[in-house]
Amino acid sequence: MSTLLVWREQMQRFYAKYSIFIRIGFQFCMGFLVFYQINSNIGFMKTASSTACTAGLAAICAFLPTIVMVMAATALVLLHFYTLSLPVAIVAALLFLLMYIFYFRFSSGKAWLVLLTACSFAMDVPFVLPIAAGLLGTPTCIVPAACGTLSYYVIHLVKGSSSTFKAGDGVEMVETLISFTKQTLMNQEMWVMIAAVAACTLLVYSIRTLSVDHAWKFASVGGAVAAVVIAATANVALNLHISLSPLVISGVIGVLVGLLLEVIFLSVDYARTEYLEFEDDEYHYHVKAVPKIGVTVPQKSVKHINERQNTGSIGGKNNRGDNGGQTSSSYGTGYPERPKSADEILLERSLNKELGLDGKSKK
Amino acid sequence: MLDVKRIRLMARMAQYEKNDIRKDMKISTYYKKDYVSLNTLITILWMTAGYGILAALLAVCFMDELMENLTITKVTYLGVGVGGGYFVLLIVYIICANVFYRGRHNRAKQRVRKYYRDLSRLGKMEVKEKKKV
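Residue numbers (the numbering used here), protein chains in the order written: chain A, 816 to 1178; chain B, 216 to 348.
Keep in mind that the hints were calculated from the coordinates and are not lab data. Any given hint might turn out to be false.
[Said to hold, decoys possible] Quick list of in silico lysine to aspartate or glutamate cross-link-like pairs, EDC-like style, CA-CA up to 16 Å: (1) B/Lys343 - B/Asp218; (2) B/Lys324 - B/Asp235; (3) A/Lys997 - B/Asp279; (4) A/Lys997 - B/Glu280; (5) A/Lys1032 - A/Asp1084; (6) A/Lys1107 - A/Asp1095.
[Claimed, not checked] Residues from chain B that keep clear of chain A, each with C-beta distances beyond 12 Å, as calculated: (7) Tyr231; (8) Ile257; (9) Thr258; (10) Val275; (11) Glu283; (12) Tyr330; (13) Lys346.
[Said to hold, decoys possible] Among chain A residues calculated to face chain B with C-beta under 7 Å, some are: (14) Ile916; (15) Phe917; (16) Ile993; (17) Leu1000.
Each residue gets a CB set at the ideal place from its N, CA and C atoms; glycine is no exception.
Next up, chain A with everything else stripped away, as it sits in the complex (with noise of 0.2 Å):
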């Protein structure tokens, strides 16, 4: 535990160093997840779908607000869908618009959560997003969440039957768009699953408020269970065809990332816990006071050790006090002079004696 408190704080720190590129990319890779989602399910434009335009769109993403990439989005889905029948575009294009009116034109910085929310039922991970949305949010975010669940079932719906979808001319045209609007509207998965997903973000809110210990624990193990009992009872009750173990799986792995999440936002001891009482004129005060958990990350003082000079000062000592402050061919170059014989040093000194070189015949 507290090796994941110091990780947190070193994650803090460096988080707070480098947050303008942390940031950028991790709104590219949430853009490349997205756009590499839509292209590999639907991509009918053949130009649209290639790898150089999914990373070309998430860098541009990369740089501007939510908003942009969820309008990138829903532009390039109109595009396959426009590709594959005008009709279909038409549909998905007024469901598109319906979201707008009914709920971005009033909040948009809510936007990315649709995009995650559809990404992660793509990705068999559907239960993840609600906790997290619960644990962290609001109540509202279970209007994006649903929207990008709607979003998910509308492209995996064309997916999974563009050969029907296929427009020919006039009453063909008619007939597609009513039925792709009929399959779209009267999809009981999908309601099935906004609905799990929308009582899951609201139990998890709702539990995580509780002024109980370990609130965040039982929301998130709360909100994943009810989730996939919804969406298991659902699924036996309309006999629909949803497989279970992802649902199961996506749960489990729901509740790992709440448990994560606590570590990161509320790190507190629920052993230390304190029960204050108190008053004023007005009013009589019972308040409970959980303590932090702090913890102080380890200060690495690092010594720089040069071997290299080290050594050669070591040598240039020796040598200027061996040749009274002359320098020897071996200062400095980093190797370890070899120990001189008793032979050797009797014949240097005679010889600097000889030719003047040493510090008494100078004087």
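We have chain A already, so just place chain B on it with the hints.
This is chain B only, laid out in the frame that chain A set:
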């Protein structure tokens, strides 16, 4: 010597100038009543368009059921239902938009007021410093 109070004040103001000031200034140029009325009107227009789209999509979706045994009574009921739904939604949206835009205007005004207060405080600090020098 660095003045911590002044640095804090300047940092807060710079952050506000970077993020919200343009939007808030635009909002605060309106009287509250005008701002709320204008935006509620725009919301009503958008909501009408949205309701129309939703009704059209549902009509397309249930086309066969609607066309089956179509009588004047059925059409009348349908019209009353659609009109009633629109009316209810309209009232809900007017109330919600009113509350939402009123709150937004109040918050923007408060932020702008605080910004101006900070500006005058900063000005006083500078005057004080000049006098000292």
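Evaluated hints:
1. For the suggested pair B/Lys343 and B/Asp218, the alpha carbons sit about 12 Å apart, so the restraint of at most 16 Å is met.
2. Restraint check for B/Lys324 and B/Asp235: satisfied, since their Cα atoms lie roughly 12 Å apart, inside the 16 Å limit.
3. Proximity of A/Lys997 to B/Asp279 is assessed by CA-CA distance (about 11 Å); at most 16 Å being required, the pair is judged to hold.
4. The straight-line distance between the Cα atoms of A/Lys997 and B/Glu280 is roughly 12 Å, inside the 16 Å bound, and the hint therefore holds.
5. Between A/Lys1032 and A/Asp1084, the direct Cα distance comes to roughly 14 Å. Compliance with the 16 Å bound is thereby established for this hinted pair.
6. Note on A/Lys1107 and A/Asp1095: the hinted pairing is violated, with a Cα-Cα distance of about 27 Å set against a maximum of 16 Å.
7. Look at B/Tyr231: its CB is around 17 Å from the nearest CB on chain A, clear of 12 Å, so calling it non-interface holds up.
8. For B/Ile257, the requirement that its beta carbon stay farther than 12 Å from each beta carbon of chain A is not met, with the minimum near 9 Å.
9. Not every Cβ of chain A is farther than 12 Å from the Cβ of B/Thr258; the closest lies at roughly 7 Å, contradicting the non-interface assignment.
10. At roughly 5 Å from the closest C-beta of chain A, the C-beta of B/Val275 falls inside 12 Å, breaking its exclusion from the interface.
11. Once the 12 Å rule is applied to beta carbons, B/Glu283 is consistent with being away from chain A; the minimum gap is 14 Å.
12. The Cβ of B/Tyr330 lies farther than 12 Å from every Cβ of chain A, with a closest approach of about 21 Å, so its non-interface assignment holds.
13. Listed as outside the interface, B/Lys346 is consistent with that label: its C-beta sits roughly 38 Å from the nearest C-beta of chain A, beyond the 12 Å cut-off.
14. Evaluation of the A/Ile916 hint against chain B yields a held restraint, the C-beta minimum of about 4 Å falling below 7 Å.
15. Restraint check, A/Phe917 versus chain B: the minimum CB separation of about 6 Å is within 7 Å; hint holds.
16. Because the beta carbon of A/Ile993 sits about 6 Å from the nearest beta carbon in chain B, less than 7 Å, this interface hint is met.
17. For A/Leu1000, the shortest C-beta to C-beta distance to chain B is roughly 5 Å, which falls under 7 Å, so the interface hint holds.
In this structure, the hints that do not hold are numbers 6, 8, 9, 10, in rising order.
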